[in-house]
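Protein chains: 2
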Amino acid sequence: MMEQGILTIMSGPSGVGKGTVAKALLEKTKDLVYSISATTRLPREGEVNGSSYYFLPADEFRKKIDRQEFLEWAQIYGNFYGTLRLPVECALSGGKDVLLEIDVQGGIQVKQKFPQAVLIFLLPPSQDELESRLTKRASEPKADIKKRLSWAEEEFEYLKLYDYAVVNDRVDEVVLKVQSIIVAEKCRTWRLK
Amino acid sequence: MMEQGILTIMSGPSGVGKGTVAKALLEKTKDLVYSISATTRLPREGEVNGSSYYFLPADEFRKKIDRQEFLEWAQIYGNFYGTLRLPVECALSGGKDVLLEIDVQGGIQVKQKFPQAVLIFLLPPSQDELESRLTKRASEPKADIKKRLSWAEEEFEYLKLYDYAVVNDRVDEVVLKVQSIIVAEKCRTWRLK
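For the record, the sequence lines run as chains H and L. Under our numbering, the first residue of the first sequence carries the number 18, and numbering increases by one thereafter. Under our numbering, the first residue of the second sequence carries the number 18, and numbering increases by one thereafter.
To be clear, the hints were calculated from the coordinates, so they are not data collected in a lab. Take these hints with a grain of salt, some might be off.
Stated by the list, open to error - Label pairs and their computed distance ranges (CB to CB):
#1 36(L) x 92(H): 54 to 64 Å
#2 51(L) x 45(H): 28 to 38 Å
#3 142(L) x 106(H): 28 to 38 Å
#4 145(L) x 80(H): 54 to 64 Å
#5 175(L) x 142(H): 36 to 46 Å
#6 65(L) x 149(H): 50 to 60 Å
#7 112(L) x 74(H): 53 to 63 Å
#8 207(L) x 43(H): 26 to 36 Å
#9 76(L) x 189(H): 49 to 59 Å
#10 36(H) x 145(L): 43 to 53 Å
Note that CB positions come from ideal geometry on N, CA and C, so glycine has one too.
Working from the sequences, and respecting the hints, build out all of it.
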């Protein structure tokens, strides 16, 4: 039988650089596939349906919730976000490693359903750096940035529930660390059949 | 304050290739130091005191046991083997990673004293391969080989107490996996202060 893939969940506060790290990681890691989230929020400039996200109308999203089609879902800043269960399960059972880039509450929801998932918390080099990164992101109004910063503080409370923490100071080093974590996790004795 | 090093313990049955892996690992891993064991057994050809082992007379070894100077010790095939506590603690507190290559019972003794130690079990590709490797080792009489093989079976019972298992099929791959395990362990949230 094919060896089951590793489900890696990467979380961290807004502005920490999850997207940049995920992109670099996927480019440099063979057999790692990205789990595309579904959301009801509107696409930002450059985002493509079915690639960045599955952009769903709210009523369709709610139907999928009712049908238990989500591995996790949440309502954040008034929009729904979620991870569809089926594509993740298919990839893992096909021996692919899967990367989920989701918020901490979603990560913990998934861990409850998949205890074998690996939770990685991406940390900013400092709180100042996080503020500066969020401010540079021109796409959002100031009030939203404030909301994100206060939410980031709440997210840090979940850090201890995560398996690993990686400081995002240099993307190439973060990539090497996350790759090492996946290699190491494949060697864990409790995963032996 | 300097970050504490990681104590990695590599165990596995006689003939699995622990020595070869340890040598390659030390050559290729910056800041990893080898913990030299003490023993009362006689040096094999080419072994140097203070480099391969600290070769100690039995009475001196016993005195050090009484003074609690060992992190672990055991009597195997009529000889004493042990790991002196002080050099390991000094290296770790100086930020060095330390590699201990010891038998499974020793590994578990150390884990009890250092729960933060990382236990890696080196597995042979197969039981046949293990027998063939032991038989090729010309330095030992046949009766000893038999004793080692039956002991190997007992050792496998301890596998589930180990954190990681790595199959020693190709040394360079084992080195990469053990290096990954050390990198990953440094990112574990429970190690954060």
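Tested hints:
1. 36(L) x 92(H): 54 to 64 Å: Check passed, 57 Å falls within 54 to 64 Å.
2. 51(L) x 45(H): 28 to 38 Å: This hint holds: roughly 31 Å between Cβ atoms.
3. 142(L) x 106(H): 28 to 38 Å: Since residue 142(L) and residue 106(H) have Cβ atoms about 31 Å apart, the given range 28 to 38 Å holds.
4. 145(L) x 80(H): 54 to 64 Å: holds, 56 Å
5. 175(L) x 142(H): 36 to 46 Å: Hint holds: Cβ distance 41 Å, inside 36 to 46 Å.
6. 65(L) x 149(H): 50 to 60 Å: Holds, at about 56 Å.
7. 112(L) x 74(H): 53 to 63 Å: This hint holds: roughly 55 Å between Cβ atoms.
8. 207(L) x 43(H): 26 to 36 Å: holds, 28 Å
9. 76(L) x 189(H): 49 to 59 Å: holds, 55 Å
10. 36(H) x 145(L): 43 to 53 Å: Holds, at about 49 Å.
Of the hints listed earlier, there is not a single one the structure fails to meet.
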